[in-house]
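2 protein chains.
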Amino acid sequence: MGKIYGIGLMSGTSLDGIDGALVEISENNYQIIETISVNYTEEERRQLFNLCSIEKATNKMICSMNMYLGEKFAKTVNDLLKNSQFKAEDISFISSHGQTIYHIPKSNDNKYTVVSTLQIGDLSMIAEKTGIGVVGDFRTADMAAGGQGAPLTSFADKVLFYHETKYRAIQNIGGIGNVTYLPAKQSNENIIAFDTGPGNMMIDELVLRMSKGGQSYDENGNIARKGTVDDLLLNELMAEEYIRESPPKTTGREVFGKNFVDKLLQKYNHLSFEDLICTVTEFTAQSISFHYKKYLKQIDEVIIGGGGSYNGYLIERIQSNLKDVQVFTHEDFNVSSDFKEALAFVILGHYFLKGETNMIPTATGAKHDVLLGKIGVTNSNAFEKMLKVKEG
Amino acid sequence: MGKIYGIGLMSGTSLDGIDGALVEISENNYQIIETISVNYTEEERRQLFNLCSIEKATNKMICSMNMYLGEKFAKTVNDLLKNSQFKAEDISFISSHGQTIYHIPKSNDNKYTVVSTLQIGDLSMIAEKTGIGVVGDFRTADMAAGGQGAPLTSFADKVLFYHETKYRAIQNIGGIGNVTYLPAKQSNENIIAFDTGPGNMMIDELVLRMSKGGQSYDENGNIARKGTVDDLLLNELMAEEYIRESPPKTTGREVFGKNFVDKLLQKYNHLSFEDLICTVTEFTAQSISFHYKKYLKQIDEVIIGGGGSYNGYLIERIQSNLKDVQVFTHEDFNVSSDFKEALAFVILGHYFLKGETNMIPTATGAKHDVLLGKIGVTNSNAFEKMLKVKEG
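Line order of the protein sequences matches chains U and R.
Numbering-wise, the first sequence is residues 1 to 392 according to this note's numbering.
Numbering-wise, the second sequence is residues 1 to 392 according to this note's numbering.
Hints are computed from structural coordinates only; laboratory data are not their basis.
Since the model is a prediction, treat every value here as computed from it, not as a measurement.
Certain hints may be false.
If several chains are the same, the list does not tell them apart, and a pair holds so long as it fits within one copy or across any two.
Stated by the list, open to error - Keeping only pairs whose Cα atoms sit at most 30 Å apart, straight-line, the calculated BS3-like set for lysine-lysine is:
id, residue 1, residue 2
1, K3, K390
2, K354, K129
3, K75, K367
4, K212, K82
5, K367, K82
6, K297, K111
Excised from the complex, chain U in its bound form (with noise of 0.2 Å):
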């Protein structure tokens, strides 16, 4: 089998920007060979929150930045490829998360507040925009089958990290920690998948209000290093209701957000801002911890991907609540932790174009296996070379 080669799209609910891959594909080896990030304006970033608002969405915004974003996505793949030595024609498909703007993971009000997800971002652009075919709108198909939409990226996590012999624990530490679980293949057992509690989120929310805007993350840890832990702090963090619930679980901004650590500065304003990351940091390592010894029965490895793969003291940390287990980065199996979103939806839209199951019913909880993804494409040539996919 030749290679190939496919476009990731990444834009998360942070609101931040795009990411975008370029991704050699070759049987089931996956391997970035350039990328893109792309911030969203200020303006645009604004014109996100109010889409993400309730109060202030309305289906004329909706319908429009479905489509302005679409074309913003479409310039970063433009973009993308000319800073590689790639042209459209050499690209087989674009795989596009897209922007979510809503997201109901269980029903309850009334008959028509229903399971679902609302990405935009719209495929048909994208793929007018580069003339490349585009895979995207993956949640709502898990979620017609039952699931609750997420998390997609284990998919991914199997595909990258899946071993024979080996039990591994794929750790995620972006705003949230997320951990995949991959007990050893043949084990049998089943894949699972949750939210951990806060990954850097509290971390960069003290460090921005501390310095008073003067830094907005503590880099390679260096501030926690210097600090000691308070362990009344520590121990209000543990016992928070939120790490005390049995998985499957997931957590939004709400928990462990501006509003909590707001009420922590207030309770805990005699500690120094050393003190305070050093603590702050040690409730991360030690939430992630805590759940692989109470729900995961055997772990040989982890591997840590992520912004907070890049903080050196939290991995020790980690590492040292976690005596006999082996701890890596994402970058130690040549995966990029910036990227590795991205990566995942190239993975995602792969395996859709081959027709092959994209998704793991134990972490969705969809009630069985299926196909996640739409295809928009604009062109007949596009449109062959994608579907040239499934013939390997």
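Assemble the complex: chain U is given as a structure, and chain R must be docked to it using the hints.
Just chain R now, with coordinates in the frame of chain U:
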């Protein structure tokens, strides 16, 4: 080439309900073999009206109703199959227009209000709940290519009625009247399309009001036939700004809708029920013939479709105003007026899957040929069956 089967789904801007048609396809011959019409409940209509309202629609409602309608569309397909002798595995594809909740054909206010359109009824949900692959969401691709996203059914008119030597006008009389002008193939003249003015909208509204809700339309034109034309009113209507504008042009419910009828009723309250209906029917007939004479070079045949084709008196009046032209209805060509749009989307979906252009740039204003449509599919068998359409 063998026969294949597709199912078309149409849900119009009147928010009445869903029309479905099971269509047998052999070469480029399309034959409706089973149909279904499902009315929205009063509660559903209220939800949909709110979705179309810029004040009332929220991101949460759009997120939910996209899935809700997807499931309802799927149920429509499953009920259609139950009434037929076909099973899901006999059907190569579903083609769904979706429910339009916003449409911006021209952009104006600001850079975040762009040419765009929003159809809901999730394709993956339809696919998952039917087990059949789905094509849909056609309009954005046309807009991405610079078009207005409408009219789309002109392409179906071309497939069904394009003639080597005859010049044909395919006139739809729904709420609005619109024409697809098909010059003889061998002339190489451009196909054009535009709205001719009101279709049944004004007649229906007046009948409803003057019968105090007793009747909702003029059956076979029986009311109009008993009246006589009031020349003053007719002249005033023919002088309306929309009628005088040059194509390309489109009109919506706002121009000839309830407010328009309100004013007309106030000014002409001395006219009898029959004279009013007769005059407005004549206006509908003359607005069509006026445009033909002014903008269409040559016409050999007019082929009328839509609900208006069942109004015998209206057809007579059109024929009388177009002396040298032969007037037919769709039924004369064995095409059901009621399910013409559902059929049209089967045709669009079929061409899309063949990788062939399924729109007319000179009708929509797009800068070049494109494929319109997206694919939603959740199982590999359905995916494979769908892609076999390409092979013929």
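Checking an output row: K75 and K367, CA cutoff 30 Å. Within, between, both or neither? between (37 Å within a copy, 19 Å between copies)
Are the CA atoms of K297 and K111 at most 30 Å apart within a copy, between copies, both, or neither? Close neither inside one copy (39 Å) nor across copies (54 Å); limit 30 Å.
Using 30 Å as the alpha-carbon threshold, which applies to K354 and K129: within, between, both, or neither? both (24 Å within a copy, 21 Å between copies)
At 30 Å max between alpha carbons, let me know whether K367 reaches K82 within a copy, between copies, both or neither. This pair counts as between: shortest inter-copy Cα distance 25 Å, intra-copy 43 Å.
One pair to classify: K212 and K82, alpha carbons no more than 30 Å apart. Within, between, both, or neither? Neither way: K212 and K82 sit 39 Å apart in one copy and 66 Å across, limit 30 Å.
State whether the alpha carbon distance between K3 and K390 is at most 30 Å within one copy, between copies, both, or neither. Answer is both: 13 Å inside a copy and 25 Å across each meet the 30 Å cutoff.
Checked against the numbered hints given earlier, this structure breaks hints 4, 6; the rest are met.
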